[in-house]
Amino acid sequence: MIEQICSIAEQILADKTVDVVIGYEAGTRGAVRPAFIRSAAEAGRLVWNDACTHNLANYVREKHVSPKKGAPPAKVGVILKACDARALNVLLRDNQAPRADLYLIGVACQGMRQNSGFAGRDLGDLELRCQDCAERVPAGCDVVVGEAPAAGVAPASAIARELDRLAALSPAERQAFWDAEFARCLRCYACRQACPACYCVECTAEQLEPSWIGVAIRTPEKRFFHTMRAYHLAGRCAGCDECARVCPVGVRLDLLNAWFRREIEGTYGYRAGQDATTPAPLASFVPSESLDL
Amino acid sequence: MPDTPFEPRIVGFLCNWCSYAGANLAGTSRIRYEPNIRIIRVPCSGRVDPLFVARAFQEGADGGMVLGCHPGDCHYRDGNYYARRRFNLMHGFLDFLGIDERRLKIDWVSAAEGKRFAQVVSQFTDQVRDLGPATVRQPAVLGG
Amino acid sequence: MIDNPYLPHLGHLTAVEPLGTGIKLFKVQFDDPAVARQFVYEPGQFGFLSAFGVGEAPFGITSVAGIDQTVDFAVAKVGTVTHALHEMNPGDVVGVRGPMGNCFPMPEIKGKNVIVLGGGIGGAPLRPVITSILNDRDNYGNLSILWAARNPSLLVFTDEYDVWRQAPRTQLHLTVDEGNASWSGHVGLITQLLQKVAPSPDNATVIICGPPIMIHFAITELQKMDFTSEQIITTLEAKMKCGIGKCGRCNMGEKYVCLHGPVFRHSEIKDFLESFV
Amino acid sequence: MNFITDAQLRGWLAQLIAESTVIAPRRAGEDLLLYQPVEDPDAICYDFGRSTVSPREFFLPATEALLTVERVRQATAGDGATAGNARVAGQWEVKLTEPHLQHDQVLFAVRPCDVHALTALDALMLKEPADAYYAERRARTTLIGLACEQMGPSCFCTSLGLSPDDGAGMDVMLYRADGGYILEILTDKGRVALASQAPVDFEGSRPQRAWPEAAYQVPPRAVWTERFNDPYWASLAERCLSCKICSYICPTCRCFDVRDYTVAQAAGYQKIERLRCWDSCMAEGYRRIAGGHNPRAAKAQRLRNRFYCKFDYYPADFGPLACVGCGRCVDQCPVNVDITEVLQDVAAR
Chain L
1 MIEQICSIAE QILADKTVDV VIGYEAGTRG AVRPAFIRSA AEAGRLVWND ACTHNLANYV
61 REKHVSPKKG APPAKVGVIL KACDARALNV LLRDNQAPRA DLYLIGVACQ GMRQNSGFAG
121 RDLGDLELRC QDCAERVPAG CDVVVGEAPA AGVAPASAIA RELDRLAALS PAERQAFWDA
181 EFARCLRCYA CRQACPACYC VECTAEQLEP SWIGVAIRTP EKRFFHTMRA YHLAGRCAGC
241 DECARVCPVG VRLDLLNAWF RREIEGTYGY RAGQDATTPA PLASFVPSES LDL
Chain D
1 MPDTPFEPRI VGFLCNWCSY AGANLAGTSR IRYEPNIRII RVPCSGRVDP LFVARAFQEG
61 ADGGMVLGCH PGDCHYRDGN YYARRRFNLM HGFLDFLGID ERRLKIDWVS AAEGKRFAQV
121 VSQFTDQVRD LGPATVRQPA VLGG
Chain G
1 MIDNPYLPHL GHLTAVEPLG TGIKLFKVQF DDPAVARQFV YEPGQFGFLS AFGVGEAPFG
61 ITSVAGIDQT VDFAVAKVGT VTHALHEMNP GDVVGVRGPM GNCFPMPEIK GKNVIVLGGG
121 IGGAPLRPVI TSILNDRDNY GNLSILWAAR NPSLLVFTDE YDVWRQAPRT QLHLTVDEGN
181 ASWSGHVGLI TQLLQKVAPS PDNATVIICG PPIMIHFAIT ELQKMDFTSE QIITTLEAKM
241 KCGIGKCGRC NMGEKYVCLH GPVFRHSEIK DFLESFV
Chain C
1 MNFITDAQLR GWLAQLIAES TVIAPRRAGE DLLLYQPVED PDAICYDFGR STVSPREFFL
61 PATEALLTVE RVRQATAGDG ATAGNARVAG QWEVKLTEPH LQHDQVLFAV RPCDVHALTA
121 LDALMLKEPA DAYYAERRAR TTLIGLACEQ MGPSCFCTSL GLSPDDGAGM DVMLYRADGG
181 YILEILTDKG RVALASQAPV DFEGSRPQRA WPEAAYQVPP RAVWTERFND PYWASLAERC
241 LSCKICSYIC PTCRCFDVRD YTVAQAAGYQ KIERLRCWDS CMAEGYRRIA GGHNPRAAKA
301 QRLRNRFYCK FDYYPADFGP LACVGCGRCV DQCPVNVDIT EVLQDVAAR
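If you're matching them up, the sequences are chains L, D, G and C in order. So that you can map any letter, position 165 of the first sequence is 165 in this note's numbering, and since no number is skipped, the others follow by simple counting. So that you can map any letter, position 142 of the second sequence is 142 in this note's numbering, and since no number is skipped, the others follow by simple counting. So that you can map any letter, position 134 of the third sequence is 134 in this note's numbering, and since no number is skipped, the others follow by simple counting. So that you can map any letter, position 319 of the fourth sequence is 319 in this note's numbering, and since no number is skipped, the others follow by simple counting.
I should point out that these hints are in silico values taken from the structure, not numbers from a laboratory. From the three backbone atoms N, C-alpha and C, an ideal C-beta is built for every residue, glycine too. Careful, some of the hints might be misleading.
To be verified - Restraint ranges, calculated between C-beta atoms of paired labels, are given here:
| id | chain 1 | residue 1 | chain 2 | residue 2 | range |
| --- | --- | --- | --- | --- | --- |
| 1 | G | ASN135 | C | LYS95 | 35 to 45 angstroms |
| 2 | L | GLY124 | C | GLY268 | 54 to 64 angstroms |
| 3 | C | GLN150 | L | GLY124 | 14 to 24 angstroms |
| 4 | C | ALA215 | G | VAL35 | 53 to 63 angstroms |
| 5 | C | GLY179 | L | MET1 | 51 to 61 angstroms |
| 6 | L | THR267 | D | ARG32 | 48 to 58 angstroms |
As the list claims (entries may be wrong) - Keeping only pairs whose Cα atoms sit at most 25 angstroms apart, straight-line, the calculated SDA-like set for lysine to any residue is:
| id | chain 1 | residue 1 | chain 2 | residue 2 |
| --- | --- | --- | --- | --- |
| 7 | G | LYS77 | C | PRO220 |
| 8 | G | LYS27 | G | ASN102 |
| 9 | G | LYS270 | C | ILE17 |
| 10 | G | LYS110 | G | LYS27 |
Take these sequences, add in the hints, and give me the full structure.
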């Protein structure tokens, strides 16, 4: 598969289809990390394996800028897994990058392993999102490398089961669970920075006028920050779970977003990133629907 | 501290064109309702960012109400349709975070429904009173 | 208890005067006379002014110790703290920390011709230089004041212009980027004014304060006029939270604006790893 | 040299817990070890490599009040009030209160690298005018060190001239041994902490370990200066997320933000806290001034500043390096910005 990825990258760089290809390379101490390839000669640096967990859609907006004032913006090639491609669709839908300037290299994915992307860690089981994933082939790409598993995939519902477990608790128990999670949060904003859908120029968490939350790193502020972020991602989170992966203290942010995804799919039949055109569920309505509390 | 019975603090976001007028009507008609509600007048239920409600709970509210125009009656045509989706979700999400869903009430009350306004508010206040104080009572420092 | 450098001295505003559009002068009198006696400062030093409840921010001190009775700060309304300060009235309580930072080398420029370049609110920390010179007029050479602003309403210390103009061997040159109907003076950037005034570098020192980009271009212009880097002195602004080198916010390379500045000679700045612009 | 058995150690810790706030490593999840206040010696994790987040938060807390300000409106206008100004209905009396640490602290099982980091921070924070809050916490904390038995995969303290079993800066130092710990009292503070205990004298010497040689070298200043405008920084920063993980888990990062917040309000009364909170030079708006000017707007400039601060600026300004080789940032960076790779790259280019 990697030969195919490299040769595609080489070709689109050589024929100037794109200025940069965002892919994966080998880092230090066994880590895999994002790579920015600018010439065909460098394409051999790219790797593909079960540790290519980063959602590279996160870099598309930043790379799609003009190299010089007045010059046309860079054309960007990017390697996407199925979940990443959904995130990219959200960006396209939200007009964060024009499709014409992107070359999307989809890669059929067998799932990524826990601890991926970090130096010096042994890879674990499949990441929870990958255990649950039923969609292994990215949609809407210019080219797709690899094929779906022949036997199909039976999602494990690892995250769904955790949602059910929490739903069965009393509200007080749920609050205790989340207080313990948020107590560990450092407010390092890694979740936000790693999130492709968190593209606001000024984050509500840092806005001064009006000031929604203080800068204090205390549980009330942290709870509000995560409540705010989860709500702002409702209908826009495509479930790459980078937020949970990058969190240095293991806050279960994947559950917050998964709650919204499940609820929105159940109520409105909408999956974030299913295409690049369907309006976001919170930016649309059907007059005849009811308040269903 | 004297042992006073618990009286919930309820924050109500009321649409200017319907429920706020409904509250006025309840008042001028001298209809009794529970006085626990602190009313915040908004131009439309569509103006109510669900985070307003989350923030109210954060700052120590025991219950939150969002009252808008009946579907189809929005002064701005479709503000309450957006509000309906937002609160449909936020209602459950706050519960998922541990804020009992019975502490948040979303309803439609028109300008003519003074009596209904009083009923909705009183019923909700009773409900929250029975639930006891909200446990999220950890006021964050207020914004500078 | 160890002396706490984060503890502000309490004071009252004795006056709040408009200096320009969105710019006000705040005159502070310390509540404790002992503090007032100890608060000795030199031209170029700065202090933190607190609007309690909103925060504190650093400002250059515009008054001169020994001449002015109060400690004064000129504040442009640009952020949350400055907005809160602009809402305040005489009699209101403020906090002051300082004086902080280094100062202009006044003894060194004695006997020299001094050229002062001030842009907008950047004129604030230069006022003590002008006042000190005029107050000790015989000990300094010629004084050229080049005073600039984006528009006439942003020119600061207008009520002192007559004093400056009438002082011996002192010239005031004004310019605005954009004039208006009642403006008959020079229109153009301060660099253009500088070309017109064409000060001589002989036995001269230039002191500049303004927006980073103005400082940058003024220095370029002065170098064309054969001013050496040693002759050019500027004072820089940076985001700061402590003023005593702890918060790590105001560094340009290894130099901290609060610890090593805010007054820098161009000969120092040009060797900084990081640009101030 | 003394010896303390496991049982004696727990007894000692129980006594310390009764007298002061004892902060010790605890397992907080899979692969997650945090220093936290403990109530029970059995809740402590005694066998660990290195904590996920450094214990510097007990000297520079993530959030602490620098001041409490109480404003009370006086009934009548004072002399300073402007006559005829309706806004001045009365004058505010303002009272400032400095918070103090409630209890003495004991930091148990702190690693040598983290204490070296405190020594490095001392050079800045205790330099006149000293940071009163840091100084108080330093003075009122007893450091009970625990020597490392091996270096972790990303540890590189030996490359910075430090040693994983160095007791420098500790009040008491522990070395793991069969059935207990070899114990060394290094300061009076340590003697006081141990006063009520009677550890057995120990005749031998502490375990001597041969530590791996330095794997990396810190390039000299001239090299850093020369590399400042190298395109390397832009290419390194491409994958950087501009999050604050590296700063917040670091034992030597100390940048902070200060803001005022109203915490209580009533008619004629306002209580304000001036809070100091962690901040990081990685944040986009870190150096932006109120007018909008941002001299470090580019991600590459900010990432570069992190490494220059650690290896160039801090030593030039305050003496020690601002890196102790704990390797936390190597382990925790989600996009593999590896400080040891940077050291090699800067030296090699």
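Verification of the supplied hints:
Restraint check, ASN135 of chain G to LYS95 of chain C: a C-beta distance of roughly 38 angstroms satisfies the suggested window 35 to 45 angstroms. Between GLY124 of chain L and GLY268 of chain C, the C-beta spacing of about 59 angstroms keeps the proposed range 54 to 64 angstroms intact. Between GLN150 of chain C and GLY124 of chain L the C-beta distance comes to about 23 angstroms, which sits within the given range of 14 to 24 angstroms. Between ALA215 of chain C and VAL35 of chain G the beta carbon distance is about 54 angstroms. The supplied range of 53 to 63 angstroms therefore holds.
At roughly 55 angstroms, the beta carbons of GLY179 of chain C and MET1 of chain L sit within the given window of 51 to 61 angstroms. The supplied range of 48 to 58 angstroms is broken by THR267 of chain L and ARG32 of chain D, whose beta-carbon atoms lie about 37 angstroms from each other. The straight-line distance between the Cα atoms of LYS77 of chain G and PRO220 of chain C is roughly 44 angstroms, outside the 25 angstroms bound, and the hint therefore fails. Among the hinted pairs, LYS27 of chain G with ASN102 of chain G is consistent with the structure: their alpha-carbon atoms are about 22 angstroms apart, no more than 25 angstroms.
The suggested pairing of LYS270 of chain G with ILE17 of chain C is violated, with an alpha-carbon distance near 55 angstroms, which exceeds 25 angstroms. The straight-line distance between the Cα atoms of LYS110 of chain G and LYS27 of chain G is roughly 28 angstroms, outside the 25 angstroms bound, and the hint therefore fails.
Checked against the numbered hints above, the structure breaks hints 6, 7, 9, 10 and satisfies the rest.
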